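Can you build the whole structure from these sequences, using the hints too?
Sequence order for the protein chains is A, X and U.
Each residue of the first sequence is one higher than the last, beginning at 0 in numbering that gives the first Met the number 0.
Each residue of the second sequence is one higher than the last, beginning at 0 in numbering that gives the first Met the number 0.
Each residue of the third sequence is one higher than the last, beginning at 0 in numbering that gives the first Met the number 0.
Nothing false has been slipped in among the hints.
Short, incomplete list of chain X residues facing chain A, as computed with Cβ under 10 Å:
no., residue
1, 60
2, 63
3, 72
Don't read these hints as lab results, they were simulated from the structure.
Computed from a prediction, not measured in an experiment: that's the story for all the values here.
Using N, Cα and C, we set each Cβ at its ideal position, and we do this for glycine too.
Each chain, written out:
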Amino acid sequence: MIPASWCVALSAVLFSIGLFGVLARRNAVAILMSIELMLNAANINFVAFSRSVSPGELTGQIFAIFVMAIAAGEAAVGLAIVIALYRRRSNITVDEVNVLKW
Amino acid sequence: MNPYLPILFMLVIATAFALAAMALALFVGRPRPGPERKFAPYECGIEPVGSARDRFPVKFYLVAMLFILFDIEVIFLYPWAVVFRQLGVFGLIEMAIFLGILLVGYIYVWRVGALEWQ
Amino acid sequence: MTAPSLQIITWNLWVSAPVCALAASAMVTLIAGAFWPAFARWLTPCLALGGIALTAAFTILAGMLGLPPAGMQVMDSFTVVFDLIILIAAFITVLVSNHYVTRENLERGEYYALMMLSASGAMLMAASDNYVMMFLGLELLSIPLYVLAGFSRGRSESQESALKYLLLGAFASAFFVFGAALVFSATGSTNIVVAGDATERALVGTTPIYVIGLAMILTALAFKVALVPFHMWTPDVYQGAPTSVTAFMAVVAKAAGFGALARVAAAGPEGSWTVLLWGLSAATMIWGNLLAISQNNIKRLLAYSSIAHAGYLLMGILAGGRAGISAVLFYLLAYAAMTFGAFAAVIILAGRGDGAEDIEDYRGIARRSPLLGWTMAIFMFSLAGLPPFAGFFGKLYLFSAAVEAGYPGLTVLAVLTSVMGVFYYLRVTVVMWMQEPEAESGPAAQTSAPLLSRLVLSALAVAVLALGIFSSPVLRWTNSGSAGLERSAEAAIQMTLPEPTNAPAALSGGSR
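See below:
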């Protein structure tokens, strides 16, 4: 069986990649994708530990499903907002979104 | 024996098979078609019309987003189906409520005309 | 595994009944708005008000039943008090929105439905004693708010506000989920109290992971309630969003965050945790008040003011205990009344298209409309914390709770920053009362409003005054809420204790 520490390492790396993406990318869609990466990193953690820390229950697996469903909802709303913005400005670079003081 | 050994065998055999097939084609195959066919996205089916890196009508996004939303909710059905017998009528009613909520969303989407193509 | 008994199902249904009632009413409103768009103008707000009233009835009923914890949600007296605060806020939002929504042509059925869904998320957040349920509540609160922030599609400020809120909100919720995953992997539980208790009793050897996870959850909640240094989105989002949505955000989203914080804060490790909360609270009070001084846009001013108030509220969370949490609940109620009042006045003043949002636009407006002048003065005095208004007593209870809990330094800081607050709140009043209107000034501020708006404005002013004068009965009510929080934390720990002798006692204690 794969040791739990590997899963933690994988999820931590994935989370960090997502974090870097959010901070470094300037395209709104790319930022949304990076956020999805962060959520999925948490899912790996949930699923990996489900068996070892709460044996007999499927807590982690079930919660991963909830997180997935919510991530989908968030992505849909996010894309809708991005498209609405794009229709108006033909640009989704977040640096250009500066009518209000950022 | 390491449980991952079969996977290693599988990898080796698959690689060997692919290499062998390519080598065989090199020796016994006929001369290949010209580059314009070679670089087309599909070798069979409908001939591509225009570039794929073009603007899509925004309607596609709407359909795709609605699809994602309703599609992802289906994952809740799988764990429910696994423990369906244990949950009994209680689980059935709960799932009916869940699907009912989805149905409300569907009716809303249909009513405001998000499913109309024009 | 067997199917749960009928009694447990009934209990659980009652525990989740308020949230379900509000969500169901939201769906009815949504469908009604979609099927009869012609009647949306009056039908959907009426349905919304009815749904909120129904939910309040369910909340009071469920509270009277004295239900045991339902696994992921608890219906203790804290939940009841908190839910009622949220429902009052939602009710006022619907009333305040009416004028704005009609004027700005936003009267689609989705508006009220999204607002109710968001409020149900806020209720879920405060009612959950489980990190994952709290996450569901957080998202149910936030996702409709992203849409609402961008609701006036014609204005690019609104869209920009939605994008910023979405990106930073989603970022924060990713932190929340990862934090919850870390807590789960360290303790094997997602229950707030149980996880904290397991670490305390050193049942597991991975405390650092638990602490990191908890810190990430705190970060996410700090984003939601706009604590410095996680406040950067607030002024932009508040300014760009439709004003009625801003009011809702400033009150309900903040209240929900503090409801969740009240449940989470008790689970934190001693020592470093209090230092962290102390620092956040101090930074928020200082920075929020400092930046508010230099604002010219009234919505930005109120945004920074809401940041400063988050700092005061965090003091109560830090103080904890019965007095601290009770003071937080009281302050939230007072804050809701005065913030809604200020935004309701801004909605009227700003006029069509939100033209007049600069404080300078309101020169001498009190002469033209004494009602707006007086009510705005009451709200500003109360926000500044001057007696005898609600804001003063709210601050008094918070500060005395903090002193009793042993944070005199932070209290002194809070008093000093409140004095800073008096300056910019009074400035608004001075502009409205003492300065002459300029003929050539930019977009003119409006003073005319429909009867409903004027009634709501007056009622809110009376409420601010009444909450100040009759503060002790209200405080008794919020006290019962904070007592409930303590009781259910004890019950949750007792239910997980390994000794079999304790289990029946905990169950009967929980069901009272």
